[in-house]
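Colleague: Since the structure of chain A is provided, determine the placement of chain B on it from the hints.
There are 2 protein chains.
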Amino acid sequence: MHTIEEYQKLIQSAIEKELVHREPVELYEPIKYTLYMGGKRLRPMLTLLTCDIFDGDILQAIYPALGLETFHNFTLLHDDIMDNAPIRRGQQTVYKKWDANRAILSGDTMMVMAYDFILASPKDLLFEIFTVFNRVGKEVCEGQQYDMNFEKKNNVTLDEYLKMIHLKTAVLLGGSMQVGAIVARTSKNNTQLIYEFGESIGMAFQLRDDLLDAFGDEDIFGKKNGGDIRTNKKTFLYLKALELGSPKQQEELKQLFSIKDKQDDNKVERVLSIFQDLKIEEETKRLMDCYYDKGFKILKKIDLDQNKKHVLVKLAESLMKRTN
Amino acid sequence: MHTIEEYQKLIQSAIEKELVHREPVELYEPIKYTLYMGGKRLRPMLTLLTCDIFDGDILQAIYPALGLETFHNFTLLHDDIMDNAPIRRGQQTVYKKWDANRAILSGDTMMVMAYDFILASPKDLLFEIFTVFNRVGKEVCEGQQYDMNFEKKNNVTLDEYLKMIHLKTAVLLGGSMQVGAIVARTSKNNTQLIYEFGESIGMAFQLRDDLLDAFGDEDIFGKKNGGDIRTNKKTFLYLKALELGSPKQQEELKQLFSIKDKQDDNKVERVLSIFQDLKIEEETKRLMDCYYDKGFKILKKIDLDQNKKHVLVKLAESLMKRTN
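First to last, the protein sequences are chains A and B.
If you're matching positions, the first sequence starts at 1 in our numbering and goes up one per residue.
If you're matching positions, the second sequence starts at 1001 in our numbering and goes up one per residue.
Heads up, a few of these hints could be off.
To be verified - Label-pair distances were calculated between CB atoms; the ranges are:
hint, chain 1, residue 1, chain 2, residue 2, range
1, A, GLU243, B, PHE1127, 45 to 53 Å
2, A, GLU317, B, GLU1018, 28 to 36 Å
3, A, ARG185, B, LYS1097, 31 to 39 Å
4, A, GLN263, B, GLU1252, 49 to 57 Å
5, A, ASP99, B, LYS1300, 42 to 50 Å
6, B, GLU1016, A, VAL25, 57 to 65 Å
7, B, ASP1305, A, ALA85, 37 to 45 Å
It is worth saying that the hints were derived from the structure and are not from the lab.
Glycine included, C-beta positions come from ideal geometry on N, C-alpha and C.
So here's chain A without its partners, still in its complex pose (with noise of 0.2 Å):
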């Protein structure tokens, strides 16, 4: 088994192999800026991790992964572009430091790479990791599209969002340790659990990350609070807040989230006394450990060492205790 920092170094030195000389430099300048920009590289570390687990050559799974993380960053390109965000990762988003334009058309691009990379899978394995990675991507947009419809749809319920962010975020999670384990070449039935696994994880996974958004701490977490609660998005915090509110409590958390001046810090003061009124964190944080559980569950039932489920345990609990 390799350490984290080594598939991370791996991956790191794959996608700086990959965008030395393309041109046109208009073309290539944004997609090299959002690649190197970094982030966790948490796909293809999943990719390369799980293919380690089941004892396959991760020197294989590279490109797989790679296939992932640049498909991800395309999602996230575009994403800015249709969310008008002006930072990410700290930086500011290719759509604000160039253009739309450039942002639409070097997303494209980066789609067509993200299969160029799929195309480098083990031969023999790239029908059904394209298969997977296929209906991964599907499902991200339309996950995307149901998040853009919530923004105009009064009466979102608590399972159209977790539907939402199931598609969004869970199943790439999920497919992306499928990936390794299908490249491992473990057995259709642990390729299917470790799916389920990545996607349980997933799903703990994003609503920690809204969680973070309301209550994280601003210095470690590198993002103002309340981001969501400044763009009126309809997370898990907010419906289950509805649901459990008094109609005085809904009634102005409607109100506040109709609110569109996002420097306003006293509504996100005031939602925040709402959410803590109802005890919304802790209802979090037990649909969280719903999810966790749910995963663990799935993970006995892998045929796998102990020691090597070991180290998804811990993996899993890093990905909870996350600071950033």
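Modeller: Just chain B now, kept in the frame of chain A:
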């Protein structure tokens, strides 16, 4: 051999079959709108026809053909956002009918759909078809970037322009034929030659398009004359006129191409008059003929019955004489 109409029917019914029951509707509505809108179905038709002339099973070519058509329509959808184009094929563009976000995301989803269709290629040919598709896809994006660069660039050369239309248009037409040849499992040599044939005809086809935009019959062509002139697009016609014009004509052209008012009919008239003085129509036709002849030289080298070659000649002729 089948007729063009039969190819088009096969494509149409495959598209319709593939677009039922997809959710969320907000995402798939613009996709249906775009794919049902039709157009000439030139690319998939080239794939089926090429497969057919090389005695392949055209039913095996339908999905790869659909992949190429869907990819092409995806690029139009995103190009229309980048160009602020309100009308396409006589109807509102997706970006105008809905909004830019819907157009971005439904375009992205179309791209994944295109790859889904490619995935339905005969399994033993998947790697080869996927490779062609990705190369072409990347080149089309690069071509679009050069096209956007030219808007701001003052000293675009004729060679640069030809490189741009090669990437943006010709490679996809060539690639569509190449994929048909791959499905027909003809020789590597034939496959490469038919690609080059399509590429050359594609260059002539795009020059023809530039010409029709300036000199076409409005009623037949369905677009208002001089669209490229109104948007100050540096086409072959404009660049050739700059090359051939007297210093005074060059200066006037540059001045005319700094006018931003798209309704300025007088500008169009002035530009067309300079084009006529410099015999730009003839110059363009001369270059078209060069590409056309190049295509026919390539055709001679293809190992194929004379009557099948004749089908390709007829096809090329119909593309060159097209009035819509």
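Colleague: Each hint should be assessed against the structure and marked as holding or not.
Modeller: Outcome of the hint check:
1. A/GLU243 to B/PHE1127: 45 to 53 Å: holds (51 Å)
2. A/GLU317 to B/GLU1018: 28 to 36 Å: violated (43 Å)
3. A/ARG185 to B/LYS1097: 31 to 39 Å: violated (48 Å)
4. A/GLN263 to B/GLU1252: 49 to 57 Å: At 52 Å between Cβs, range holds.
5. A/ASP99 to B/LYS1300: 42 to 50 Å: holds (47 Å)
6. B/GLU1016 to A/VAL25: 57 to 65 Å: Once the Cβ atoms are compared, 42 Å apart, the range 57 to 65 Å for A/VAL25 and B/GLU1016 is violated.
7. B/ASP1305 to A/ALA85: 37 to 45 Å: violated (59 Å)
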